[in-house]
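Number of protein chains: 2
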Amino acid sequence: MPELRKDPVVGRWVIVSTARGKRPSDFLPSPVDDAGPQKCPFCYGHEHMTPPEITAYRPDGSRPNTPGWKVRTVPNKYPALGIDDILTKRGVGIYDMMTGFGAHEVIIETPDHYRGIKDLTLEELSDVLRMCQGRIQDLHRDIRFRYILVFRNEGPLAGASLSHPHTQLVATPITPKRVKEELMGAESYFKQRERCIFCDIIHEEREEGRRIVFENDHFISFCPFASRFPFEIWLLPKRHELDFHASHDNLRDMAQALKVTMQKLAIALNNPQYNYIIHSAPNLFPRRGYWQTIQDDYHWHIEIMPRLTKVAGFEWGTGFYINPTPPEDAAKYLQEVTVAIA
Amino acid sequence: MPELRKDPVVGRWVIVSTARGKRPSDFLPSPVDDAGPQKCPFCYGHEHMTPPEITAYRPDGSRPNTPGWKVRTVPNKYPALGIDDILTKRGVGIYDMMTGFGAHEVIIETPDHYRGIKDLTLEELSDVLRMCQGRIQDLHRDIRFRYILVFRNEGPLAGASLSHPHTQLVATPITPKRVKEELMGAESYFKQRERCIFCDIIHEEREEGRRIVFENDHFISFCPFASRFPFEIWLLPKRHELDFHASHDNLRDMAQALKVTMQKLAIALNNPQYNYIIHSAPNLFPRRGYWQTIQDDYHWHIEIMPRLTKVAGFEWGTGFYINPTPPEDAAKYLQEVTVAIA
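Chains as they are written, first to last, in this note's numbering: chain A, 845 to 1186; chain B, 845 to 1186.
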């Protein structure tokens, strides 16, 4: 059973995945999967190779765990956290731990092994986003989950172990440290100025203009002023919105902004490996009181990070980053890439 | 000139290195150097290929920038921060920035292209550590430097661009976020208990025993309870000490603990790539008042992180880590490796 262990100095939680229990020989370099569609557990006809599906969009009315689906969600076969565990917290000597209770799901974005996010039609991509929203909504009903993280790893350098297009979701029993920092930063800004910091950033970026990558009626993407990585991009709803999963009204605009942004990135950098992460509010309950205030000060967004540079000792030691490409230059390259806007 | 830019939400500083100004084509995968000693700027006879040396140990009395040295410190040819810049802070729209004032040095550990840290004699390794201490002491005299980070990148996955054994040093005009978190965690623990948290951790680890990697009279290394990475190791002086650079009395024990620990790691994991980082106190001045209190609550140490797993979207998004090897298992493998203790 995985364990959550807390670093006593900085309070960082670590998932120690005892089930995997890797030995020294397991760390020898191994090639990435791609055996291709024939052996891929996410392709049509191989539905039995994944744990039974949680849900799927099946326009043809086909039975669960058979072909015919458009988007399919399954439990991760090698979960980082286990949903069957009971959440218990205890001390171990001077340290703190809890059982690794949580959920780890995989959203298979398309039956097509070779079509990435940027290749999907706006309808298909809207379906993927809607599926992510639905899964968050469903998991939010379990109040033991404090946070639902949705993210995408593309390519082996970005941590992907399968190449078939997929998004991942992890539900955790604690609000992660980095999320807390963001919530606290936004709250503190709001207290001083009674304005959402992300709304202010959007305003500033639209005034400045140089860092913008793409904009439509409801969404904007830009290279942030303090980009950690070359070609880092943030994508936000222009209207103030707390939760990604409640953003239903302009799903097609969301899909378009994401697709165009990813297309530009793919063309400018020759299909780079990347991670993107949906930053959304934690799982809140009116009884916690906090729910009232966070409505105004937090603003969901997606952070896209191409994996072009290596994170080395300096970054690990300090928590700050060396970015060799100014965001103004990165945005310029991306602006110069023209893509057909569906 | 590099710029330091501050993320307005979480307060993270980023070094935007405009001088490097990398374009999309610069990110195409490139092989690591190793052209071997013939073209290596850190080998004997190639002293003119680096900027002029800052200092060197030259037992043979040879002239600066000629062969004969044992350990040699030079400015980084491609510095992340520049020592010639004047430190100025200003606002840019709603954002904050400052000029990238700082220092970036390279400590060439040995003239031998092929002898890593673990292959040096105790005398040679003591010299390397003494050189690091001397450089910190020297840079501490400039009160514009708030923090001096000493770290080592081994292998291309760990961010090394040259294979000749070397350590790096970066002096920054701000105390980095991750260092602050550690200082604050230690301070808060001390306030509650009037004990150093690191001293308590050492006591706990010696009681428990299972996570210890190596121990001599004055130093101990172990796999920490909440290890972020498989085979992560911390190395600490057993006696309470604030500053790495002031730790002179038992340098041979320090070198022995580091050498044996790195040898065990090299044998167990077949020469893994890794980063290690010296965590020491910031550059403090009695007039700041803080100096009195930190003496008791902070404790310098080295964090060693083999690069065996990929950091993916989940880790970036949450700031917590999935570690597939429990530290108890990692320590057991390392305990089973026997090395000759000089």
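Hint data in this document are derived by calculation from the structure and do not stem from the laboratory.
It cannot be assumed that every hint is accurate.
Since the list can't tell identical chains apart, any single copy or any two copies may satisfy a pair.
[Said to hold, decoys possible] Cross-link-like lysine to any residue pairs, in silico, SDA-like; alpha carbons within 20 Å at most: (1) Lys-866 <-> Glu-1180; (2) Lys-914 <-> Ala-924; (3) Lys-866 <-> Asn-1115; (4) Lys-921 <-> Cys-887; (5) Lys-1154 <-> Pro-1116; (6) Lys-1082 <-> Phe-1034; (7) Lys-1021 <-> Asp-1093; (8) Lys-1021 <-> Val-854; (9) Lys-1176 <-> Tyr-888; (10) Lys-850 <-> Glu-1025; (11) Lys-914 <-> His-984; (12) Lys-850 <-> His-1047; (13) Lys-1035 <-> Ile-898.
For each hint, the structure was consulted:
1. For the homomeric pair Lys-866 and Glu-1180, the shortest alpha-carbon distance between copies (16 Å) is at most 20 Å, but the shortest distance inside one copy (46 Å) is not.
2. In this assembly of identical chains, Lys-914 and Ala-924 lie within 20 Å of each other by CA distance neither inside one copy nor across copies; the values are 26 Å within and 47 Å between.
3. For the identical chains of this complex, Lys-866 and Asn-1115 are inter-copy neighbours only, at 17 Å across copies versus 31 Å inside a copy, given an alpha-carbon limit of 20 Å.
4. In this homomeric assembly, Lys-921 and Cys-887 come within 20 Å of each other (Cα to Cα) only inside a single copy, at 15 Å, whereas the closest approach across copies is 50 Å.
5. For the homomeric pair Lys-1154 and Pro-1116, the shortest alpha-carbon distances inside one copy (14 Å) and between copies (16 Å) are both at most 20 Å.
6. When the C-alpha separation of Lys-1082 and Phe-1034 is checked against a cutoff of 20 Å, the pair qualifies only within one copy, where the shortest distance is 17 Å, while the shortest distance between copies is 45 Å.
7. Taking the shortest alpha-carbon separations for Lys-1021 and Asp-1093, neither the intra-copy value of 31 Å nor the inter-copy value of 38 Å comes in at or below 20 Å.
8. For the identical chains of this complex, Lys-1021 and Val-854 are neighbours both inside a copy (10 Å) and across copies (11 Å), given an alpha-carbon limit of 20 Å.
9. With identical chains, the CA atoms of Lys-1176 and Tyr-888 are never at most 20 Å apart, being 40 Å at best within one copy and 44 Å at best between copies.
10. Taking CA atoms no more than 20 Å apart as the test, Lys-850 paired with Glu-1025 passes in both settings, with 17 Å inside one copy and 14 Å between copies.
11. Taking the shortest alpha-carbon separations for Lys-914 and His-984, neither the intra-copy value of 24 Å nor the inter-copy value of 61 Å comes in at or below 20 Å.
12. In this homomeric assembly, Lys-850 and His-1047 come within 20 Å of each other (Cα to Cα) only across copies, at 18 Å, whereas the closest approach inside a single copy is 39 Å.
13. Proximity of Lys-1035 and Ile-898 under a CA criterion of 20 Å is satisfied in neither setting, with 41 Å inside one chain copy and 48 Å between copies.
The structure does not agree with the numbered hints 2, 7, 9, 11, 13 stated previously, though it agrees with the rest.
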